[in-house]
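There are 2 protein chains.
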Amino acid sequence: MKVAAMTMTKSQRTRHFIVESMAEMFNKRGYSGTSMSDVETITGLSRGTIYHHFDTKEDIALAAFDYNFEKLCKLVEDHTKRSKSFYDQLVVYTEVYHMIATDSVSGGSPIMNTAIEADDTNVLLRERAIRAIKKKENTIAGIIDMGIRSGEFKKGTDTRQLAVAILSTLEGGLTLSRTTRDPVRMECVSASVKALVNAIVN
Amino acid sequence: MKVAAMTMTKSQRTRHFIVESMAEMFNKRGYSGTSMSDVETITGLSRGTIYHHFDTKEDIALAAFDYNFEKLCKLVEDHTKRSKSFYDQLVVYTEVYHMIATDSVSGGSPIMNTAIEADDTNVLLRERAIRAIKKKENTIAGIIDMGIRSGEFKKGTDTRQLAVAILSTLEGGLTLSRTTRDPVRMECVSASVKALVNAIVN
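Keeping their order, the protein sequence lines are chains P and C.
Note that our numbering has the first sequence beginning at 161, numbered continuously upward.
Note that our numbering has the second sequence beginning at 161, numbered continuously upward.
Be careful, since some hints might not be right.
Identical chains share a label here; the pair holds if one copy fits it or two copies do between them.
Stated by the list, open to error - Restricting the straight-line Cα-Cα distance to at most 25 Å, the calculated cross-link-like pairs of lysine to any residue (SDA-like) are:
hint, residue 1, residue 2
1, K234, D198
2, K314, I202
3, K295, V344
4, K217, D318
5, K217, D305
6, K234, K315
7, K234, R175
8, K170, N362
9, K314, V344
10, K217, T340
11, K244, R341
Since the hints were derived computationally from the structure, they do not count as laboratory data.
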């Protein structure tokens, strides 16, 4: 997504096409649940062409994770832009996760999908999931810290504890909500996150 | 686990042996990540014997889920027995999830593992995960309701909202904690759950 289609070489375009085409399936079915035959069927490319761009199925899974995670980050970023306060910036997360919960297409959070599959199995995918978890926690912690410095949030707030709790609650709620196909669960979770944030407002 | 080994027929014992042997692998690697060859290797039984007891790999995965979920419920139950208040009964959940987070053997929460894998794929496994989510939510909601009736918790507490939030926070935190191999995340999450419960104490 970073390289504009116009400036890509033919090889980069094919690589990007494979990743973009496979991103949804890897997010929904995972690494184990997606075969090289699936990649052939969905992209319409031969196995030879696919292996010219990626050494292994794992390489496609890693690129698909990066693609999906970047999409999630961009979704948060686009919504955060409109926020007028640090409180609003935190509440945006509940709105974005609600959107993902009710979107039946994309397959939910790439963080959770990859974390659950890879925590006991694939080392490289697990490393990607860890990096994504830390990045999200740090972004949330950064908002809380800026809110404290601006006087919007209480001094002495345990920034890291709250950031971990917010991310855990949203990711957990999203999974329960998507599995049960019941977005009311996401509303319950959003209310809980708002209560946690309200508790630190000055 | 319900049928004592002594009273089992030979056929029941073999079936139980297969489920018990495969429970950990299905919880760690999931349905897609576990093959019938794995079942043969781990149990040491022939494919013919395995298929005599289970029609499909899916049937073993379903039985393994039931086994793992029953184990989780029993763990909570054993710890709840010692609780002297409804507050303590809720806090027990944070302790049990902390135990699962630091236990490298069992592969984490069967609810989350199965929910994530099955939400976009396997219908029967998804149904099992939904039933487990609802059972856990109802148990937590039941404790909150009893606490309200006894006067320990505030009247007007949104029981369902709080039960969903507690389960989401714990399941989400457990996943982030296990993926990063950092139990401090579970402590952050436990603090958050305790804050939610403290807010309803009379």
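Is it within, between, both, or neither for K217 and D318, if the alpha carbons may be no more than 25 Å apart? Cα proximity of K217 and D318: none, with 41 Å in one copy and 47 Å across.
With 25 Å as the alpha-carbon cut-off, assign the pair K314 and V344 to within, between, both or neither. Answer is between: at 23 Å across copies they meet the 25 Å cutoff, but 30 Å inside does not.
If the cutoff is 25 Å on CA atoms, where do K170 and N362 land: within, between, both or neither? Let me know, please. Neither way: K170 and N362 sit 55 Å apart in one copy and 67 Å across, limit 25 Å.
Copy assignment of K295 with V344, given that the CA separation must stay at most 25 Å: Between copies, since 17 Å is at most 25 Å while 28 Å is not.
When Cα atoms must be at most 25 Å apart, do K217 and T340 count as within-copy, between-copy, both, or neither? between (30 Å within a copy, 24 Å between copies)
Taking 25 Å as the upper bound on the Cα-Cα distance, should K234 and R175 be classified as within, between, both, or neither? Cα proximity of K234 and R175: one copy only (21 Å, versus 49 Å across).
Given identical chains, is K234 near K315, meaning Cα to Cα at most 25 Å, within a copy, between copies, both, or neither? Neither: 30 Å inside a copy, 42 Å across copies.
Regarding K314 and I202, is the shortest C-alpha distance of 25 Å or less found within a copy, between copies, in both, or in neither? neither (51 Å within a copy, 55 Å between copies)
With identical chains treated as interchangeable, where does the CA-CA distance between K217 and D305 reach 25 Å or less: within a copy, between copies, both, or neither? neither (40 Å within a copy, 50 Å between copies)
Homomeric proximity label, K234 with D198: Cα distance no greater than 25 Å: Close neither inside one copy (27 Å) nor across copies (40 Å); limit 25 Å.
Homo-oligomer pair classification [R341, K244; C-alpha up to 25 Å]: Neither: 32 Å inside a chain and 36 Å across chains, both beyond 25 Å.
In terms of the numbered hints stated before, the structure departs from hints 1, 2, 4, 5, 6, 8, 11, listed from lowest to highest.
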